[in-house]
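S.K.: Fit chain B to the given chain A structure using the hints.
Chains as they are written, first to last, in full-length UniProt numbering: chain A, 1 to 309; chain B, 1 to 305.
Be aware that one or more of the hints could be misleading.
Unchecked claim - Per the computed footprint, the stretches of chain A lying under chain B, defined by three or more beta-carbons under 8 Å from a beta-carbon of chain B, are:
| # | region |
| --- | --- |
| 1 | 226-234 |
| 2 | 259-269 |
| 3 | 275-289 |
To be clear, the hints were calculated from the coordinates, so they are not data collected in a lab. If you're wondering where the values come from, they're calculated on a predicted model, not measured in any experiment. Note that the Cβ used here is the ideal one computed from N, Cα and C, for glycine as well.
These are the residues of each chain, in order.
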Amino acid sequence: MTTDQPTPADRTAGEPAAPKTPQPLGTAGTRRAAHAPGGGAAPAAEPVLEIADLTVDFRLDTATVHAVRGVGLRLAQGETLAVVGESGSGKTATALSVLRLNPQPPCVYAGGRILFEGRDLLTVPEKELGRIRGQDIAMVFQDPMTSLDPLRRVGAQVAEGLRHHQGLSRAEAGAAALEALDEVGIPDPERRFRQYPHELSGGLRQRVMIAAALVGRPRVLIADEPTTALDVTVQRQILDLLVTLQERHGMAVLLITHDLGVVAETADRVAVMHRGEVVETGDVLDVFDHPADDYTRQLLAATPRLELA
Amino acid sequence: MTTEAGTAPETRRPLLELTGLRKEFGGRHGSVAVDDVSLTVGEGETLALVGESGCGKTTLTRLLLRLLEPTAGSVRFDGQDLAALAPAELRRLRRRIQVVLQDPYSSMNPRLDIAGIVGEPMVTHDPAARGRRGRAYVRERVGELLESVGLDAGIQDRYPHEFSGGQRQRVSIARALAVEPRLIVLDEPTSALDVSVQARILDLLAELQQRRGLTYFLVSHNLAVVQQVADRIAVMRQGRLVEVGEAAQVLRRPRHAYTRQLLDAVPVPDPRRGRRFRAAGATDAAGVTGGGAGAPGDGEAGDRG
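Next up, chain A with everything else stripped away, as it sits in the complex:
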């Protein structure tokens, strides 16, 4: 997450004011347009999730790494906001902060707010956050093999959230889980329900993860590189599935990815992160057509394109 950062000395000395900047737009010395044309403004709708001035540090023995430096993001109801960046940009640290999932220590939430339904998720008591996790805000990770419990049957893992959060009986939760497996397009769900994760292919495991995340009808889904570990034809199916389910259930999606192709295909808006800061936010069309920031331009130029015409 931090490998491509400059040396600790550079980081700490270079931009001491960064976390306090209300609208952190790019690294020092970067020439930039005054705003992203038409897109940089906040979405019209009331945001369901708002990250303001978020600062996340990792305090290591020898140095403090400022992984996230004053990030602001607004996620509107029903929209997909993609956060794109390279390794070390702070995109995953930002996503994990929403549910306070960064390991503490070494992580310290040094500043900012994450507002959800009038509460600041950075300060709510752990017990209250536990009710929000997996219920109101759910998460899907990159690697479904390590996020599923290898010793428990698939059905029970999908049902777990319902039993825990909504107090459903085993039978009720099981029935809902079976329905969820069916909805995410798993063939023969009754059989899969009783199987263990190792008996499923990578694509099916990711469908199980999505079923488990969405079975409680969350308002926000955070998907951290959900298709990066998958083959390209399977990736296509999972992306289509996410879009379909979002349109059906209307949840907001915060999608973390390094792949501008995935951004273009799924997102309404995009935030580009670089060295812990959001360098540009805007409507996907605006950002792809008229990138305002140098780094965004570099990223777009480096992305290999398949030219088939």
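M.R.: What follows is chain B alone, placed relative to chain A:
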């Protein structure tokens, strides 16, 4: 590394010839990982082997490196059948075939310094690198190699963990070049790297190929990368080659349905083909929101184990 301008494969001298290669893995539930694969790679060209996980591309790569014995078929390098060689002859020939692996983090001994990592194949294959004068010889050669891959010759005493992913991949390339190979197997050489770093590594590989007349056998799942560098493309699925041809031909006029499927699945960095536009254009008709919800295709549906 250009596609159309390159010499047609028929006129190139064949460097690597795979004939009727087959590999079965045993046991009661034995499987055929590579099934009757025949393929020729010409001197100086870049052949890209494309396929999804489990298609047999790794097994095929290990067969051509002779890290695995084929169940049937032959591998010929520069006209010599690898199976017919005595162990000492095989060792001599091995220096002509080198590998660059996907993950530059795990493909280096963390306790060797850069000089040790890049110099190791020289010590194995080159008598001049051994003995009392060997050390100075190796240091000089390693310095040249590091410079040829765009690194500073002065980093020889440093260790792999001090470098970024892209720099480490450059070290891997320098190591592969250390014994003057003719063929380099590039196994997903940029898959673990960020896109901006990936572009620079691909440029470096192209430059080295031109300068040294190298032949590349590239294994990749990334069709956009393949398009940038390959002269020819071989598409593999379930142990078999379903299509082999000139890169432009395979990408623009694929003959096999599976090749088309692979091409269609690649995410396009153009928002006009994205979610909102599909939804606005043909929501119901195109089945974007249809009940099918993207049922898994055969790439995904299978059981494991």
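S.K.: Each hint needs a verdict: does it hold in this structure or not?
M.R.: Here is how each hint holds up against the structure:
1. Residue count for the region 226-234 of chain A with a Cβ under 8 Å from a Cβ of chain B: 4. That meets the three needed, and the coverage hint holds.
2. With 10 residues carrying a beta carbon less than 8 Å from a beta carbon of chain B, the region 259-269 of chain A meets the three-residue requirement, and the given coverage holds.
3. Note: the region 275-289 of chain A has 3 residues with beta-carbon separation from chain B under 8 Å; the three-residue rule is met and the coverage holds.
Checked against the numbered hints above, the structure violates none of them.
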